[in-house]
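**Q** Given chain U, put chain E in place with the hints provided.
Protein sequence lines, in the order shown, are assigned to chains U and E.
For the first sequence, this note's numbering assigns the number 1 to the initial residue and increments by one for each residue that follows.
For the second sequence, this note's numbering assigns the number 1 to the initial residue and increments by one for each residue that follows.
Errors might be hidden in some of the hints.
Just so you know, same-sequence chains aren't split out, so a pair can sit in one copy or run between any two.
As the list claims (entries may be wrong) - Calculated cross-link-like contacts (lysine-lysine; reagent style DSS-like; alpha-carbon spacing at most 30 angstroms): (1) 137 - 32; (2) 144 - 163; (3) 35 - 137.
What the hints contain is simulated information worked out from the structure, not anything from laboratory work.
All of these numbers come straight from a predicted model, not from anything done at the bench.
2 protein chains.
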Amino acid sequence: MTDLTVFFFRHGIAVEREVFEGSDSDRPLTAKGEKKTYQIARRLLDLGIEIELILSSPLVRARQTAEILLEVGVAPDLMISDLLAPSGSLQEWLHWLSHWRQEHEGALMAVGHEPNLSHWTELLICGKALGHIQLKKAGIIGLKVPATDPLGNSQLFWLTPPKFLLNGSGLT
Amino acid sequence: MTDLTVFFFRHGIAVEREVFEGSDSDRPLTAKGEKKTYQIARRLLDLGIEIELILSSPLVRARQTAEILLEVGVAPDLMISDLLAPSGSLQEWLHWLSHWRQEHEGALMAVGHEPNLSHWTELLICGKALGHIQLKKAGIIGLKVPATDPLGNSQLFWLTPPKFLLNGSGLT
Numbered sequence: 001m002t003d004l005t006v007f008f009f010r011h012g013i014a015v016e017r018e019v020f021e022g023s024d025s026d027r028p029l030t031a032k033g034e035k036k037t038y039q040i041a042r043r044l045l046d047l048g049i050e051i052e053l054i055l056s057s058p059l060v061r062a063r064q065t066a067e068i069l070l071e072v073g074v075a076p077d078l079m080i081s082d083l084l085a086p087s088g089s090l091q092e093w094l095h096w097l098s099h100w101r102q103e104h105e106g107a108l109m110a111v112g113h114e115p116n117l118s119h120w121t122e123l124l125i126c127g128k129a130l131g132h133i134q135l136k137k138a139g140i141i142g143l144k145v146p147a148t149d150p151l152g153n154s155q156l157f158w159l160t161p162p163k164f165l166l167n168g169s170g171l172t
Numbered sequence: 001m002t003d004l005t006v007f008f009f010r011h012g013i014a015v016e017r018e019v020f021e022g023s024d025s026d027r028p029l030t031a032k033g034e035k036k037t038y039q040i041a042r043r044l045l046d047l048g049i050e051i052e053l054i055l056s057s058p059l060v061r062a063r064q065t066a067e068i069l070l071e072v073g074v075a076p077d078l079m080i081s082d083l084l085a086p087s088g089s090l091q092e093w094l095h096w097l098s099h100w101r102q103e104h105e106g107a108l109m110a111v112g113h114e115p116n117l118s119h120w121t122e123l124l125i126c127g128k129a130l131g132h133i134q135l136k137k138a139g140i141i142g143l144k145v146p147a148t149d150p151l152g153n154s155q156l157f158w159l160t161p162p163k164f165l166l167n168g169s170g171l172t
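For reference, chain U alone in the conformation it holds in the complex (with noise of 0.2 angstroms):
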């Protein structure tokens, strides 16, 4: 079996936790935060990215990155699903994974939160997560996944803000 491609995917810009006045699970994507995230979809879909599936948090500012990226095409599908929440762990994510690559061969997009990003994909390529890697909001990284023991054998293709993927004259 080959090397999964998965992609994980932080949320856009959403309405700061100390302003808002529901739960934490339902703040929103503010203007910008939709803005940026809909150019970043149309920037993947530019590249030529194609993604098998989505799956993504249910937390209201994931859910509505994710609805964004289904809306512009980068894939046909979206779940969602608890294991992308803040409390979610890698293990049972990976669990998942193993079950799911068993009938798909195409690329899995993660929209998700941070530090578990970010320290999921310091675990998959190292084997530890030191929190040493930068994702942004509406930033993207690209691991591949091999079948057996993904834990410190990943590897990492790709990792970037949202500023560095825009074009220059696109940035707000």
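**A** Structure of chain E alone, referenced to chain U:
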């Protein structure tokens, strides 16, 4: 002292070792390698990335890459150093860096070779080199390197193959 921004830049596509009649250190960029390196250099400029000094391996394919970056205006100065040759050691380069940063605050771009640049990155961010970071030709790594104990304590904020940096339409 704040973290120093360091970019690693792998030389562009060069004439293959098997078909080049001179010594390995003299292998030049191909026409395609030159073209793509120019595209990436202009993109870095467009993104507003400011570099104080380009430090380059003395091998022809790296020096040509660095000269393109200089010509396009990514940085005002270029220095050639054996520290970035394939035989260079991370410890010796870090020793040079510790002196350089005492008199400079800007970012440094180091143009060199694989597997050195990706191994050095792994040593800087997770303390060991496992070969789990993929750096393509004309690809870029961005690091924040602390003044003390940089090994295993640096931050990775960027890793990109050239194809994800150029416009979709600019890819050849």
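**Q** Hint by hint, say whether it matches the structure.
**A** Hint check:
no.	hint	verdict
1	137 - 32	within (12 angstroms within a copy, 34 angstroms between copies)
2	144 - 163	both (23 angstroms within a copy, 17 angstroms between copies)
3	35 - 137	within (13 angstroms within a copy, 32 angstroms between copies)
Consistency note: the structure conflicts with none of the earlier hints.
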